[in-house]
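Residue numbers (this note's numbering), protein chains in the order written: chain Z, 105 to 353; chain P, 438 to 765.
Hints in this document: simulated from the structure, not taken from any laboratory. Since the structure is predicted, the reported quantities are computational estimates derived from the model, not experimental observations. Built from N, CA and C at the ideal position, the CB exists for glycine as well. There could be a bad hint or two in this list.
Partial list, computed: chain Z residues near chain P (C-beta under 8 Å) [what the hints assert, rightly or not]:
1. Met105
2. Ile107
3. Val120
4. Thr193
5. Val198
6. Arg200
In case you want the letters, here they are:
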Amino acid sequence: MDIVYTIWLRSMKRYVRSRSRIVGSIAMPLFLLVFLGFGLNSVVSAASLGQQYILFLIPGMVAMTVLFTSVFSGIQIIWDKQFGFLKETLVAPVTRLEIMFGQTAGGATTAVIQGIIIMVLAVLLGLRIQNPAGFFIALAFMILVGIAFTAFGIAVASRMEDMTGFQLIMNFVVFPLFGLSGALFPISSLPAWLKPVTLLDPLTYGVEGIRYGLTGASQINPLVSAAVIGGFAVAMTLVGAYLFRKVSV
Amino acid sequence: MTTAVAVHELTKSFGSLVAADRVSFAIEQGEIFGLLGPNGAGKTTTLSMLSTILEPTSGSATIMGIDIQKDQDGVRKAIGIVFQDQSLDEELTAWENMDFHGRLYRIPKEVREQRTDELLKLVELYDRRNDIVKTFSGGMRRRLEIARGLLHHPQVLFLDEPTIGLDPQTRNLLWKYIETLAKEKNITIILTTHYMEEADRLCNRIAIIDHGKIIAMDTPARLKDAIGGDVVTIHSPDTAKIPAALPVPWVKRQETREGEIILTLENAEQHLSEIVTRLNAEHIEITSISVHKPTLEDVFLSYTGKTIREEDISRKDSMRMHFRMMRH
Numbered sequence: 105m106d107i108v109y110t111i112w113l114r115s116m117k118r119y120v121r122s123r124s125r126i127v128g129s130i131a132m133p134l135f136l137l138v139f140l141g142f143g144l145n146s147v148v149s150a151a152s153l154g155q156q157y158i159l160f161l162i163p164g165m166v167a168m169t170v171l172f173t174s175v176f177s178g179i180q181i182i183w184d185k186q187f188g189f190l191k192e193t194l195v196a197p198v199t200r201l202e203i204m205f206g207q208t209a210g211g212a213t214t215a216v217i218q219g220i221i222i223m224v225l226a227v228l229l230g231l232r233i234q235n236p237a238g239f240f241i242a243l244a245f246m247i248l249v250g251i252a253f254t255a256f257g258i259a260v261a262s263r264m265e266d267m268t269g270f271q272l273i274m275n276f277v278v279f280p281l282f283g284l285s286g287a288l289f290p291i292s293s294l295p296a297w298l299k300p301v302t303l304l305d306p307l308t309y310g311v312e313g314i315r316y317g318l319t320g321a322s323q324i325n326p327l328v329s330a331a332v333i334g335g336f337a338v339a340m341t342l343v344g345a346y347l348f349r350k351v352s353v
Numbered sequence: 438m439t440t441a442v443a444v445h446e447l448t449k450s451f452g453s454l455v456a457a458d459r460v461s462f463a464i465e466q467g468e469i470f471g472l473l474g475p476n477g478a479g480k481t482t483t484l485s486m487l488s489t490i491l492e493p494t495s496g497s498a499t500i501m502g503i504d505i506q507k508d509q510d511g512v513r514k515a516i517g518i519v520f521q522d523q524s525l526d527e528e529l530t531a532w533e534n535m536d537f538h539g540r541l542y543r544i545p546k547e548v549r550e551q552r553t554d555e556l557l558k559l560v561e562l563y564d565r566r567n568d569i570v571k572t573f574s575g576g577m578r579r580r581l582e583i584a585r586g587l588l589h590h591p592q593v594l595f596l597d598e599p600t601i602g603l604d605p606q607t608r609n610l611l612w613k614y615i616e617t618l619a620k621e622k623n624i625t626i627i628l629t630t631h632y633m634e635e636a637d638r639l640c641n642r643i644a645i646i647d648h649g650k651i652i653a654m655d656t657p658a659r660l661k662d663a664i665g666g667d668v669v670t671i672h673s674p675d676t677a678k679i680p681a682a683l684p685v686p687w688v689k690r691q692e693t694r695e696g697e698i699i700l701t702l703e704n705a706e707q708h709l710s711e712i713v714t715r716l717n718a719e720h721i722e723i724t725s726i727s728v729h730k731p732t733l734e735d736v737f738l739s740y741t742g743k744t745i746r747e748e749d750i751s752r753k754d755s756m757r758m759h760f761r762m763m764r765h
């Protein structure tokens, strides 16, 4: 555990120092929240949602922040590879598993903190969390999404030599996952043929879980959501650990 | 004296490329041992195998009696490494880099902090301990890496091209640190270098390595003695004619290269005028002539027929070819 903590601690120190990154990765979801939220609030019929569009959108934006931050944190291992720092960790008398867990814990923590910042800002935009339990439910789902996608980032980074493939992964994997997740619109409003695809997207369950926590309503049973995103987090951690074991520098 | 490092027929192949070819040597405790050779000769590959980063294709090695393949963690605890490429976290301070390392090696807090302070003072970075590494110069980073490599009190320290890319002044300073370390801490040091002066100045013994093979191994003094005298270099447009013009017994060896010929002979000063007279008699033009005591460069030349710099250039070309082929 001490090694996992050491690597987590390094992530935290780097995170706290990278102010531009903190601001940069919050700006996008915040702008979307303001532009889409207010812009579409009157256009989107409230009837189909049962609530204001902006309130529907907030959990989606929280999920988006966690998703993008965690994938990015995981992929950062490539930089450690390129700047040589990974070597320093790999020749130490520690196991690869400890390093991988430390990185995952660090990335997930960063992502969750970013998500919480968006959540706090959302309160200014009208978010009213129903009760403290709701907040903790949302937090639990954010942690699971954070772990799952940091591990995903590590898995990807383990197989990449440099950042050239990063854009590809972002555009063809992460963005579709986000788009299909029901972060921006209710799953029920999709055409019937697209709905099953949405239900195959693990992020859908993360978004629904966070939405349940923050607004008290969701289209998927929160227990089902917890099981699916939890299972996915475990699976991604295993895949990440397996691929990271084979990393060579 | 006990053996610190024992290497037996260590081999690493990457496909058809044999990067290290049955490398064998033994290093006594407290020795500074140098692997000297051009870029791509197999120095780093050998070091990577000894430090458990690379799995050997065949052969074996022990460090402080610990087998590098059977007990990787044991080896990792016994060694400290300064890599050829930088391996610091630039976003952290000097102190935090040391602290991270100490935690990875599970050094208790108090010992860790005390040693960190002590080592940072040794490499004269104590005043900058709370500065982000990004603001450090190349020499400071190198010193920090050496300090970090010593934090867990390794018995064997690996230095991979410790002064590459540094200015002469910083290089001199680092050499002093390394000498002090070897003397004060009595640790065994293996360093790789392609700088002749570095190997000459620091190492008790040197293994010259080329194309993955050790081609000579001895103390710097004995390697140079083996050349057998002084080295005379003659630059001339007619180098091809020179051997025939000098049918004398005191020239021990001669090597004709592009635009120059290199002769080895004892007491060269006494023979200089005769050489010039003989070449003049044959109407061979002399652009320049020089005499020097043999250096490791001459040793390398005598074993390989090339200077290290030439090797570097041709090796880079062949590496480039290699990578191009792999890419297509």
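Each hint tested on the structure:
For Met105/Z, the interface hint is violated, the least distance from its beta-carbon to any beta-carbon of chain P being 11 Å, above 8 Å. Interface hint status for Ile107/Z: upheld, as the beta-carbon distance to the closest one in chain P is roughly 7 Å, under 8 Å. Interface restraint check: Val120/Z against chain P, minimum CB-CB distance 10 Å, threshold 8 Å, status violated. Hint status for Thr193/Z relative to chain P: holds, with the closest Cβ pair at about 7 Å, below 8 Å.
At about 6 Å, the closest approach between the beta carbon of Val198/Z and any beta carbon in chain P falls short of 8 Å, and the interface hint on this residue holds. With a least beta-carbon distance of about 11 Å to chain P, the hint placing Arg200/Z at the interface is violated under the 8 Å criterion.
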